[in-house]
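Engineer: Below are the chains, spelled out letter by letter.
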Amino acid sequence: MRVQLLPFVAALAVVATPGDARTINVSATTPDANEKLQEALILAEPGDVVELGAGVWRLTDGLSLDVDNVTVRGAGVKDGEGSILDFSGQQGAGEGLLVTSDDVLLTDFAVLNTKGDGIKSKDANRIVYHQLRVEWTAGPKETNGSYGIYPVESSDVLVDSVYVRGASDAGIYVGQSKNVVVRDSIAKENVAGIEIENCYDADVHDNIATQNTGGILVFDLPSLPQQGGHNVRVFDNIVQDNSTPNFAPKGNIVASVPTGTGVLVMANRRVEVFGNALENNGTANVMMVGYRYPYDDANYQPLPQDIVVRDNVHGKAGFAPDFPGGAEIAAAMGGAIPPVLWDGAGHAIVNDDVGVLSLNLPDVSTPQNEAQPSPADLKGDAPAALPGVTLPDSMEAKVQ
Amino acid sequence: MRRIAAALAAALLCASGAVAVPEAGPNQAAIDGDRMPRKLSEFGVFRAGTSEPVGALLGYTLHTPLFSDYAQKQRLIWVPPGKQATLAADGHIDFPVGSMIVKSFGWPEQKDGRPVETRLLLHRAGGWTALPYIWDADGRDATLAIAGRRVPVTFRAPDGQTHSIQYAVPNKNQCKECHSKAGEIVPIGPKAVNLDFGSELERADFARFFASSPVSADPMPQWDDPASGTLEQRARAYLDVNCGHCHNPQGSASNSGLFLRWTDPRGVSLGLGKRPTAAGRGSGGMEFAIKPGDPDHSFLIYRLESLEAGVAMPELGRSAVHREGAALLRQWIAQMPKDGQKAGS
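The listed protein sequences correspond, in order, to chains U and S.
According to our numbering, the stretch in the first sequence is residues 802 to 1201, in order.
According to our numbering, the stretch in the second sequence is residues 10 to 354, in order.
It is possible that some hints are incorrect.
[Unchecked claim] With the C-beta cut set under 8 Å, the calculated list includes, among others, these residues of chain S facing chain U: (1) K185; (2) G276; (3) G294.
[Stated by the list, open to error] Heads up, incomplete: computed chain S residues facing chain U, CB under 10 Å, no partners named: (4) A156; (5) G157; (6) N180; (7) S263; (8) A288; (9) E296; (10) F297; (11) R327.
Hints in this document: simulated from the structure, not taken from any laboratory.
Please read these numbers as outputs of a predicted model, since none were measured by experiment.
Think of the CB as a built atom: it goes at the ideal place given N, C-alpha and C, for glycine as much as any other residue.
With the sequences and hints as input, model every part of the structure.
Structural biologist: Here it is in structure tokens:
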């Protein structure tokens, strides 16, 4: 592998030898670093590594990558030693970095304070997000960008060992994708820590979701190209102290997530929640609900179906239920509602040894103020366990 | 205007006794090759040392154009000799390999009206390629800006207000963000319902470019001319041209489920009663993209009237608000029946 330092794009174009994978170094202190980095991302060829120098990159416009099989690698995510892409002065584009090509690895850099989303990938199959930090450094604010890490409409997605803080929607958001793994990551002080939306086959495991409004969300929404989300496993995560008041801009679906939500399943078919450590979530450790908004979509299924909750460890929960009438119900039940909350729509099995509160609203068109809360026993025989997600070897090899 | 000047120059040549030979076309080898020439002059689109196009290219306009910071645009088509463009069943134009589409952007108050940038779409054997060129300070040639650039531009809007903006010349990837269909680059503008050739239709060589008429008998209206269509039609034309290239099932905004082409059905997917999907703070705290009868609570309007990255739509190519365009859409939404969220037509 040849290593070259290329200050000028013209030079790069001349010495490029097709088929010979190169490392293209770009320095944070180059004049016009934004333009030079974008040039490198455009002129990279499949197999190339674009190496981001250590230091703080002051970027004014969104970056994009549209070449297959390129690695973007920095010197780390830590202030003072890593490759820090600072978008505080961003003037345009909907995100900091946009990837639209396949087989891309993003690793070892930080993206800070983007105006819109942090890193988005669309129609980018087999993408790997590895050892990244995406952060809005002032902490929770409604004016922060929506999503930190945002793969959408892709097959085979791996998010591994990332840290995301401050997103005004979801820290890690995977939408309308197939075969997804989110693991070993930390989502802190976002509205939603990790959100899996309208996805088929996803594993979310060994993450820490803390101090968000809601820790881990599994949603299915109407009127989108891919819907009917199913086969999602949420396991071996630590979901604790999700107590940040909701700071999402109103109108967005996550603006309705109650503060103090641990794991929330909305609609979807076959979701397994197991082996998690769930504690200090003031509304509920686990919540299962239907999609309770008007919709105009004959193909949409608004009920959660075949949800299985088992083998989780529950700490304190339900002590500050953040929904109308919640405080009164908690008071009537001795100060807290049970750790598992179900709106009564659809079908769920809860084999954890904790109480379940049902709002007894099986019809999603019934307004929530007609709730008739009562304890429920949802114990039962779970269907055969989901097999889990296997990613292509080429993706796993990138993070070894 | 430039076209008229060119014709005049040709006529003068004839009058002075010179033989009127057809002007040479652009450099076909540069179009067909796989290089990205550093200088625009290599393509031979403009007369040497000027921004005056050679007469061999065919000029065109659009009934409803894309808004680009009030830039005035000059559009040109080249089809290689011996080949012709054809009209596809869905109304878009299929250009043969070797074709080129040229679009220049300028403002009367900027550089004496000479172009600031020129974008080329080249139909090469491997597909369409987009190349952005920024004109040099002396206006004699333009230089490739593959990573885009922000250029300070000052202009006066139709309402008389002077704007000083950091005009964004798009980078090669950003060209594709809008010119994308299922991941491949395609032309956007030239489609039969929107093409207008004006007096170019009378050119002797017009038929050389097209196998059949490239213009529709039932075109889209001109967005700002009430005589050309109803309010609804003009709003839909505006949405098609300014939004529909991304907001369609194969475009860059496919995941939004918001589809805004001329031919898309009216309903949730057009934004009526549609809740934000991934709008984030682009929702402006509103519940619906379009709330019939209530433009002030329609975040489609909020995003069109914003200049803030992460909120503003379109995401690219706009550093100024199109007041007149937003006003048209406001008017359209205001006259919708308030209970019309579920109306199918």
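Engineer: Hint by hint, note whether the structure agrees.
Structural biologist: Now the hints, each set against the structure:
1. Among the interface hints, the one on K185/S holds; its C-beta lies about 6 Å from the nearest C-beta in chain U, closer than the 8 Å criterion.
2. This hint holds: G276/S has a C-beta 7 Å from the nearest C-beta of chain U, less than the 8 Å allowed.
3. This hint holds: G294/S has a C-beta 4 Å from the nearest C-beta of chain U, less than the 8 Å allowed.
4. Residue-level restraint check for A156/S holds (minimum Cβ-Cβ distance to chain U is 4 Å; threshold 10 Å).
5. Taking 10 Å as the C-beta cut-off, the interface hint given for G157/S holds, the closest approach to chain U being about 7 Å.
6. Annotation: interface hint on N180/S holds; nearest CB of chain U at approximately 5 Å, less than 10 Å.
7. Proximity of S263/S to chain U holds as hinted, the smallest CB-CB distance being about 6 Å (cut-off 10 Å).
8. Because the smallest distance between the Cβ of A288/S and any Cβ of chain U comes to about 7 Å, under 10 Å, the interface hint for this residue holds.
9. Taken as an interface hint, E296/S checks out: its beta carbon lies about 5 Å from the nearest beta carbon of chain U, inside 10 Å.
10. With a least beta-carbon distance of about 8 Å to chain U, the hint placing F297/S at the interface is held under the 10 Å criterion.
11. Taking 10 Å as the C-beta contact cut-off toward chain U, the hint placing R327/S at the interface holds, the least distance being around 9 Å.
Violated hints: none; the structure is consistent with every hint.
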